[in-house]
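S.K.: If you want the building blocks of each chain, they are given just below.
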Amino acid sequence: MTKAKKGVTFNHNPLLRSELPAWRPRFVLLCLLGGSLALVGRAAYLQGVNDQFLQAKGESRYARVLEVPATRGKITDRQGDVLAVSSPVKSIWAIPEDARLNPGQVRQLAGLLEMPVQEINQKLSVDKDFVFLKRQVSPELAERIAALKLPGIHDQREYRRFYPGGDVMAHVVGFTGVDDKGQEGIELAFEAALAGKPGSRRVVKDRRGNVVEDVQSIRLPQDGREVALAIDNKIQYLAHAALKQAMTDHKAKAGGVVVIDAKSGEILALANAPTYNPNNRVKLTGDQLRNRALTDTYEPGSTMKPFTAALALEKGKVTANTIINCAPGRMTIGSATISDAHPHGALSVTQVIQKSSNIGAAKMALSFPPETMWKMFDDLGFGSPLKLGFPGEVGGRLRPAKNWRPIEQATMSYGHGMSVNLMQMANAYQVFARDGDIVPLSLSRVDTPPVHGTRVFSPQTAREVRQMLETVVQPGGTAQLANVPGYRVGGKTGTSMKLVGGHYANRYVASFVGIAPISDPRLIVAVMIDEPSNGKRYGGEVAAPVFAQVTGGALRTLGVAPDAPLKPLQVARGAAAPVREAM
Amino acid sequence: MARLTGFLVMLVVASSLGVVASQHHARKLYAAVEREQQRSRQLEVEWGQLQLEQSTWAAHARIEKLAREKLAMRPPLPGQIIAIEERP
Chain X
0 MTKAKKGVTF
10 NHNPLLRSEL
20 PAWRPRFVLL
30 CLLGGSLALV
40 GRAAYLQGVN
50 DQFLQAKGES
60 RYARVLEVPA
70 TRGKITDRQG
80 DVLAVSSPVK
90 SIWAIPEDAR
100 LNPGQVRQLA
110 GLLEMPVQEI
120 NQKLSVDKDF
130 VFLKRQVSPE
140 LAERIAALKL
150 PGIHDQREYR
160 RFYPGGDVMA
170 HVVGFTGVDD
180 KGQEGIELAF
190 EAALAGKPGS
200 RRVVKDRRGN
210 VVEDVQSIRL
220 PQDGREVALA
230 IDNKIQYLAH
240 AALKQAMTDH
250 KAKAGGVVVI
260 DAKSGEILAL
270 ANAPTYNPNN
280 RVKLTGDQLR
290 NRALTDTYEP
300 GSTMKPFTAA
310 LALEKGKVTA
320 NTIINCAPGR
330 MTIGSATISD
340 AHPHGALSVT
350 QVIQKSSNIG
360 AAKMALSFPP
370 ETMWKMFDDL
380 GFGSPLKLGF
390 PGEVGGRLRP
400 AKNWRPIEQA
410 TMSYGHGMSV
420 NLMQMANAYQ
430 VFARDGDIVP
440 LSLSRVDTPP
450 VHGTRVFSPQ
460 TAREVRQMLE
470 TVVQPGGTAQ
480 LANVPGYRVG
490 GKTGTSMKLV
500 GGHYANRYVA
510 SFVGIAPISD
520 PRLIVAVMID
530 EPSNGKRYGG
540 EVAAPVFAQV
550 TGGALRTLGV
560 APDAPLKPLQ
570 VARGAAAPVR
580 EAM
Chain W
0 MARLTGFLVM
10 LVVASSLGVV
20 ASQHHARKLY
30 AAVEREQQRS
40 RQLEVEWGQL
50 QLEQSTWAAH
60 ARIEKLAREK
70 LAMRPPLPGQ
80 IIAIEERP
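These protein sequence lines map, in sequence, to chains X and W. Per numbering that gives the first Met the number 0: the first sequence = residues 0 to 582. Per numbering that gives the first Met the number 0: the second sequence = residues 0 to 87.
FYI, nobody ran anything at the bench for these hints, they're computed from the structure. Check before you lean on any hint, since a few could be wrong.
Cross-link-like lysine-lysine pairs, in silico, DSS-like; alpha carbons within 27 Å at most [as the list claims (entries may be wrong)]:
#1 K243/X / K69/W
#2 K243/X / K64/W
#3 K233/X / K69/W
#4 K64/W / K233/X
#5 K64/W / K204/X
#6 K233/X / K401/X
#7 K64/W / K250/X
These numbers were taken from a predicted model, which means no experiment stands behind them.
Just chain W, with the same shape it has in the complex (with noise of 0.2 Å):
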């Protein structure tokens, strides 16, 4: 009977125990997905933050006045363009 119980008490402690450790467990790997959580939100802002420099860089102003000043571009004239039909 004495060896039953003290067994029995063994089982809860280790049971216990146990229940502590994948509680703690639980927890880091939480911490983890919050972290990963938070650098996902991060690195949303920073797309943006891109998308919005990019759009600032092609501003089609902007590539307007290089293509002109800086690289002597101009339209093409009417008759310099060809225009080519594609046949599927």
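For reference, chain X alone in the conformation it holds in the complex (with noise of 0.2 Å):
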């Protein structure tokens, strides 16, 4: 108060003398610190407590979600032969409405797609805010189409898979569709595996649009696994080979082959025909695409007689040279009457094998319950799918023991009245080629190969059986172009008529399972010919050759040591140039 008497006392001024209550002042005082009470709460409430409403606020105005793609795993095969790549590509789109173009344009954009104007013109006039104008150009011609810089006119990256194996991978592989997702063979298998998965980030973008700091990774993104394949690609090809010659010579309506390592339960080639390239699927049919070797079925026929004697010598029935008698090459069983394509007199058990006598099969089954061939049958994998994860895997038709009849066990332990794959056929004749016992097959490649399987013989009858399965291919058997020089091979073969209609026709699956080399098998070879209509049709004229073909080059591509080994015509002593094989 002292100070405001020596300067101007506004106060003083009556007019300005206010007759206000005392309380009036303090009111708007408190009304004024109040006010500033609460502003100055809510800025601690926003800056401390609540504060992650603006943070996130503010950071969208810099800050952006990338997302970051994964690739799709690579396929190989054991060697690490890439069998399917993703590579990119882009593919065009159009926002319609946006799409203004003169017809100058649309030429040139035409000429660049290699498509119709009138398809471009007609894909631009639809009533939708998204149109694709061509899916999976090379990233080159995308570039070429962004440089036009035509209006509502973008592209996008996506990956296309490429297939260099072809035709002759194809129903191992499978194919993706544009959406890179799996749709058949083991890319549909191992979708799983294969499929990445996408990741995502958050960053810090400039006024450029320049990312120029990497906040956080919100999700890592996953690459899909490289897939490696138990094929082997040489291995493979000759059996493609092989099957597709065979095809033509026997004008066959389809066939395949299947290649398995004894040792370790591993697929080293799966061949099927006919075939379709998985590059270019615009004529694709259903009937290429079966991969019948897994999805169709077929009366095994003969190839199932080892079978019956392996378990009659294990259940000591029989011993390798017991003699049946197989004369007068016909047998009745209730009704109905088996017989032979050749008539046979008394054969031993081994002679039963080595020229394929029904009656001899028929005779060593009907010595045992049907229970026992039926737990056979199960044990070896008949019946029930393998379960290798293959889409559209079949098990065949086996059916249950107590409502077998006679006549079917007879026909049974030839391979009639019951159907499989081919797979199936050789994964059961892993225990001649396994000393007894079976192991899970696999399609990709086993590092360590199970040393113990599922038995099922004894090693003893496992060799016996062996040594009978030797003399198919030895002269006085049915297949003796099975044969390979240098090695010891056997195996057994199947001729089957086909049920067309409930009745059997006309038309025949010649068939051949085998095993190489005897002495210490390391490979099973099936071959199936459907079909064959151009005179021959047994299993030892159409499907032995096959077997004969790929075995011996699948043995030598392995580095198998011959067991029969041939002399050589010319020593080369001196020079010792390792003789190298052509493909």
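With the hints as a guide, dock the two chains, each given alone in a separate frame, to form the complex.
M.R.: Printed below as a string of structure tokens:
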């Protein structure tokens, strides 16, 4: 108040002298104080307690979440040769409303895309917000289109799958759709492993849209795993080429070849015919698409006989030299009569296999109860899918033992009245190649092979049947064409009529399943030719030569030492240049 | 007192300039990392394409055709093959 007296004292101005009550200034002061306290409180709340909201708002001005693409895994063969690989391509799309192009621009675009002008105009005139003009064009082409700077025309990055193996590998590898998802074969079976998971990350972008800072990785992208198959590129090619040749030679409808490594259970080759080119699937039919070795069943015929013989040996009913009377080549069971293609007299068990006598097999089969036989078939993997994980795999038909009539038991002993697929057949022959046990088959490479499998027969039985199988390819056997020079091989032929509309028609399935080399089996090769119609129809004539070709090549490819070496024509002792085999 | 204040102000200014400089540096480094990652992806793609090319050139059908037709090669007769056993 003392200072006020020195200066201008406005409050002495009578005009300003207020007659306010004393509580009013205090009230105003209180209001102002309260107001500012509320502001401070609010500020503290926003800064301290509920700080997420504003931070998020602020960040959204400069932070962006970017999608980080992941690539689909490669598929390789056992040596690492690429069978399927993804490569980036571009898809050209348009917003029809924005794409106001003059006729010259449309012509230019049509020229680059190699599409008729009308088609482009038609696509651009639809009433949609988004339309693909052309999918999966090369990145170079997409760049040239982007350089035209046409309004409303955009591109987007996609991946396209390439299959260098082409038709040789088609049935194994399968293919993906336009969305890069597996649709067939391994691409579908291993989808979970092959498919990558795209990741995302939060970044700070500057005014020009450049990423200046990586704030955090929300999800790391996970590239698809590389899948190494058990398939051997070379053996697969051998199987494919041999099958193709046989298809033409015998004017067959279809066929399949399966090669299995008996030591590890790996599937080294799986070829089917007819096949297709997975890189160009325009004229694809369902017939070409079928992986017959896994999805189609057939009556195995005589390739089943070795199992019947093995069971008889195992149960001590016969020895390899027991004589079975197969004369006169016919046998009546109940109301049905079964017969041999060529009548035989008295045959030893070995000869029953060598000459493929139905009567001999039936007589052995009728010596044990149906349940025993059914159990063997079940142990061998017949009647239920092998569960390789391959799409569309079937298990074939094996009826429960309690419904078997004696005639059925007799016909099953030589592979009629039941159905299997080719892979099951190859799988079951492991018992002869592996001293009586079976290991699970694998489509993917096995790095530590299982030592023991599920035992079906004793090693003794397996070895005896192996000797019998070898006689089949020797003089007097049904498959002398299956011989592979330099190696001891063995196997069994099969020729069965096809059931058409419930009746056996005059169409045949010729097959051969064999193992090699006999001294220490490494390979199991199963061949099936459907409806050979160029005169020859027996397994020994049609399928056995394919077996010989594939097995010979595969054994040399794998570097298996010959167990029946021939004398070299000329011994090049001094110049010990290794004789390389041509492909 | 005033001198201390001045000194502290100077320190604050220096430190804030330092923050700006290091921020800039970090961003430059980040841009470099980004570029290298881009390059690595690019190389990955190229590697796939090269593998593809190799597989195409090395297709067995092609090799066999070339060997037979151009080089007049043929598989050796069984008697011409000498197996050499490897003994450890």
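S.K.: Look at each hint and say if it fits the structure.
M.R.: A quick look at each hint next to the structure:
1. K243/X / K69/W: The hint holds at about 23 Å.
2. K243/X / K64/W: holds, 15 Å
3. K233/X / K69/W: Holds. K233/X to K69/W sits at ~21 Å (cutoff 27 Å).
4. K64/W / K233/X: holds, 15 Å
5. K64/W / K204/X: Violated. K64/W to K204/X sits at ~56 Å, over the 27 Å cutoff.
6. K233/X / K401/X: Cα-Cα ~46 Å, so violated.
7. K64/W / K250/X: With a Cα-Cα distance of about 24 Å, the restraint between K64/W and K250/X holds, given a limit of 27 Å.
When the structure is compared with the earlier hints, violations turn up for hints 5, 6 and for no others.
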